[in-house]
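The UniProt record's numbering puts the sequence shown at residues 1 to 91.
It is worth saying that the hints were derived from the structure and are not from the lab.
Note that the coordinates shown come from a computational prediction; the quantities given were computed from them, not determined experimentally.
Don't be surprised by glycine CBs; every beta carbon is placed ideally from N, CA and C.
Distance ranges between label pairs, derived from CB positions: (1) Ser67 - Ile39: 23 to 29 Å; (2) Gly79 - Val53: 24 to 30 Å; (3) Asn49 - Asp12: 21 to 27 Å; (4) Lys83 - Arg42: 16 to 22 Å; (5) Gln87 - Lys34: 28 to 34 Å; (6) Leu54 - Lys34: 19 to 25 Å; (7) Ser7 - Lys65: 31 to 37 Å; (8) Ile4 - Glu50: 23 to 29 Å; (9) Arg42 - Asp21: 17 to 23 Å; (10) Asn24 - Glu84: 29 to 35 Å; (11) Leu89 - Ile57: 24 to 30 Å; (12) Ala60 - Lys37: 22 to 28 Å; (13) Val33 - Leu72: 20 to 26 Å; (14) Gly52 - Ala88: 36 to 42 Å.
Mimicking DSSO-like on lysine-lysine, the simulated pairs with C-alpha atoms at most 30 Å apart in a straight line are: (15) Lys6 - Lys47; (16) Lys37 - Lys83; (17) Lys15 - Lys37; (18) Lys83 - Lys6; (19) Lys15 - Lys58; (20) Lys18 - Lys58; (21) Lys18 - Lys6; (22) Lys65 - Lys83; (23) Lys73 - Lys37; (24) Lys18 - Lys37; (25) Lys37 - Lys6; (26) Lys47 - Lys58; (27) Lys34 - Lys6; (28) Lys91 - Lys18; (29) Lys91 - Lys73; (30) Lys58 - Lys34; (31) Lys47 - Lys34; (32) Lys83 - Lys34; (33) Lys73 - Lys15; (34) Lys65 - Lys15; (35) Lys65 - Lys18; (36) Lys15 - Lys34; (37) Lys58 - Lys6; (38) Lys83 - Lys15; (39) Lys34 - Lys18; (40) Lys47 - Lys18.
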Amino acid sequence: MVNIVKSTEYCDILKQVKVQDGENVYAIEEIYVKGLKRIEVRFAWYKINENGVLRYIKNALDLEKESLFELLKMSIDEGIFAKEQFQALSK
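Full structure from sequences and hints, please.
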C-alpha cells in the first residue's frame with residue numbers, strides 16, 4: 001500500500017522533500033498524475049500563507065544552487081531518485 005502525503009484533484013503526492021527559505025518552501029515530489037495514470041517528478045514552489053498553510057505556486061522554481069543540491073540529496077535519501085541515476089549523468 002502506498003502512503004499518500006497529500007491528494008488533490010490533479011494528483012496524489014507520493015513522496016516529498018522540502019527546504020524552507022523564509023516564506024518560500026521548495027520541494028521535489030514524486031506524484032501520481034490521475035488524468036495521465038502515471039508517476040512523475042515535480043519540482044515545486046510553495047508559499048506559506050498567514051495561517052501557516054502551504055500554497056502551491058504554479059510558476060517556475062528558482063532557487064539557489066545550495067538549496068537545489070540539498071533537495072536533490074534529500075530526494076535520493078527518500079527514494080524519489082536513485083543514486084545510480086545521478087552517477088549515470090557523469091558517464
